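S.K.: These protein sequence lines are chains U and D, in that order. Residue numbers for the first sequence follow my numbering, beginning at 1 and rising by one. Residue numbers for the second sequence follow my numbering, beginning at 1001 and rising by one.
Honestly, the hints are just simulated from the structure, not real lab data. Some hints here could point you the wrong way.
With a straight-line cut-off of 20 Å between C-alpha atoms, the simulated DMTMM-like cross-links for lysine to aspartate or glutamate are [said to hold, decoys possible]:
1) K1446(D) <-> E1559(D)
2) K1407(D) <-> E155(U)
3) K1393(D) <-> D1239(D)
4) K1407(D) <-> E219(U)
5) K1138(D) <-> D170(U)
6) K1407(D) <-> D97(U)
7) K1368(D) <-> E219(U)
8) K1129(D) <-> D1055(D)
9) K1213(D) <-> E155(U)
Given the structure is predicted, the values throughout are model-derived calculations rather than measurements.
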Amino acid sequence: MRLRNSYPGIALGFLVGLATTAAAASDRELRVCADPNNLPFSNSAEAGFENRLAAMVAEHFGLQVSYTWWAQRRGFIRNTLKAGKCDVVMGVPSGYDLVETTKPYYRSSYVFVTRQDQHLELSSLLDPRLHHLAIGVHLIGDDGNNPPPAQALGEQGIVDNVRGYSIYGDYREANPPARLIEAVESGSLDVAAAWGPLGGYFAQRSLVPLTVMPIRDYERFAPQQFQFAIAMGVRKGDDALRDRLNAFIDEHRSEITSLLLSYGVPLVDQPAMVSGGHE
Amino acid sequence: MKDPGQWPMAARDYANTRYSNLDQINTSNASRLQLAWTFSVGADRGQEAAPLVVDGTMYVVGPYAGPYPNRVFALDATSGELKWSYAPKPEPAAAGVACCDVVNRGLAFDNGKVFLNTLDNHTVAIDAKTGKELWHTKLGEINTGETITMAPVVVKGKVLVGNSGGEMGVRGWVTALDENTGAIAWRAYATGPDKDVLIGDDFKPFYDSLKGKDLGVKTWPADRWQVGGGTMWGWISYDAELNLIYYGTANPSPWNANQRSGDNLWSTTIFARDPDTGRAKWAYQINPHDLFDHDEINENVLVDLELNGQPRKVLIHPGRNGYMYVMDRATGEVISADAFEFVNAYNGVDLKTGKIIPNEEKTPLAGKTVENICPAAPGAKDWQPTAWSPRTKLLYVPHQHLCMNFKASQVGYIAGTPYVGADVDMYAGPGGHRGEFMAWDPVARKKVWEIHEKLPVWSGALVTAGDVAFYGTMDRLFKAVDAKDGHVLWQFRAGSGFIGQPISYRGSDGQQYIAILSGVGGWPGVVANAEVDPRVRNGALGFVGATQDLPFYTAGGSELLVFKLGGANGEDTSHAPSK
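From just these sequences and the hints, can you work out the full model?
M.R.: Structural data, given as structure tokens:
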């Protein structure tokens, strides 16, 4: 019963103790928490790039992958990794406060997705055409949480021609955040401002040719960031697993990059390799 | 309900007074209160429910937790003997959808039936004698972020229920079900066109800014009302003479205030509706274009006051925004709106236009650190209900005393979308205490007395004809205070902190009883009973910063505590005083 295991205030160090125990209990398994319905990242058929990456990690360590599935919304880390149900989450922003992050293994950008036949080639947030086009963005309900494009468009007064899509969507449907890209495909939007991996993947598979352009000219909208380095996440204090994953990332950068490109993930500003010539 | 010995709905009466006409327990003997019996609901998360007592039987519901989530128990209200229990089988995924702990705020009773709302959006009718399920109706969809946490209210044969989930981008509604069949009679949305909000020709808001067609669409950017929030997870009151129900709606969604230009009607709005048809008679928006998550689902207490020599039928709405609204409940006119807490997020309420005056300096902006916004996101008072005594003519108000800093910098991640979120950091308001229990005089428009508490006072209030007011604290004390001056008469240290609703009733032995659920949790309490890290100040939407030390005072619990004068049941109580 997970609630019994975590009275955080009795001894703050207890969480760390729990983490060590959980890691020790998984000598033969790489225990991963993932969303069962969120391509291109993961799904229960293990068809996402985070599933493929987990398989690569497990193979390298000689382990079997086991999954705990949980919708990746509010409370995901709390109900999965922190509850001891797994030891790693394959994709979180580098430095994400709720977990201990590995070295980043890719860096992507928010993108504009448009139909090729529209010839818009949008890439700048300051493009005056944004005042007139039908633009779609994801919206988050939680206090203070701002998807960067929604925030930046709002700061320019671009509101009435923006359509909001709940980031959570309807979970009965496949890959609910993908409704945003499908709206471009169907013509109900001129442009979607989406996180790169989502936009890139669904654009790659679209029956209508789509254009994916990383968003630039975002400096004036700081602290809204439009590029994020993505790492793996382990429980705070699980330094041993973090170090093993770091070594894996260093040794497999080119395979990881190939994997991401095969899923259409737009990569930007790949940081210099520091692994000593494995590239 | 006429019989003062009963407690048939969470607020006891349609006016939402939480006043008990029993006076056996009074200011001179309350110090002799002792435990009569206890009962565990077996679900160790936030216990916000009010027990009900009808015809000698107590009905109580647990939160969504443990092996039998949202289980209902029927107990002999005098002996504590268990008569039956009913365990629904709500969908496990519901727990992952609820925003702020998996609480349930209580049941309703009418006409031999007990009505239950489950977290996964079902309303259930249970035979009060046998515990047998009579019908259930699904009202919402967890897959789109909806849950239900509020206590239902039954008015004229209709069970009234609202949804939760403003944090998930849902669209708020209140639904009426036939109490005999569970069939949906009407549903009134809080956003969208007039036909969905049930606004017609008979809609007469007091203020001009609220007049016009389809304002639930026009006060939003195109289509944004579809994910606009305005849920209803608080309290419903009812005036039989005017035949109107009253309730307030929650914050607009989503957060990006700059992507929802306009007033965002009908979020943070008090509605007066005809319970038979659901049609709105008037409405009043409290926080147009809300920036601070200042839901206004708080209760509307219906009282008749003499103001400036005139008898007025008013409703009192202790606002999340820190203002005590006294309104004409027939027309929706704001008679007065005075700050009952330290407020700097707003500069008062303009009684001519009815509009609150925002303080532009406290507007959260990306790239700007806004310090010292008061009240904080949970407001000056959240869901925790007040009590009104017709004897003292005072409103007893449990509430919090918190301010917050807003820094847009935190990187967050949901469902494959990294974003910049705010680092919401809450802390004690001026004076250093984080909670308060106070008495407010709505005629004199001022606070009469106050008791400072270390932690937010997240429990409800009760006041009795013995002039004793009751409330619980998060650091495990259940207190009885003199309703006239706030003098503490008695307190009891329980197993877990209190966020529940105290009630009073008469047992079959003729004794007056006081009951409340112990078990910390809720939005400020998840740090003590769930897997929220107390070291991360901005956890639980920022509330962790304000209750970081809570685990040093309490862990979770699930105990129903029942008190009476002179001790445990079964003992000789002949020394108990009688009036």
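S.K.: Determine for every hint whether it applies to the structure shown.
M.R.: Hint check results:
{"no.": "1", "hint": "K1446(D) <-> E1559(D)", "result": "violated (36 Å)"}
{"no.": "2", "hint": "K1407(D) <-> E155(U)", "result": "holds (17 Å)"}
{"no.": "3", "hint": "K1393(D) <-> D1239(D)", "result": "holds (19 Å)"}
{"no.": "4", "hint": "K1407(D) <-> E219(U)", "result": "holds (18 Å)"}
{"no.": "5", "hint": "K1138(D) <-> D170(U)", "result": "holds (17 Å)"}
{"no.": "6", "hint": "K1407(D) <-> D97(U)", "result": "holds (15 Å)"}
{"no.": "7", "hint": "K1368(D) <-> E219(U)", "result": "holds (15 Å)"}
{"no.": "8", "hint": "K1129(D) <-> D1055(D)", "result": "holds (10 Å)"}
{"no.": "9", "hint": "K1213(D) <-> E155(U)", "result": "violated (29 Å)"}
Consistency with the previously given hints fails for numbers 1 and 9, ordered from lowest to highest.
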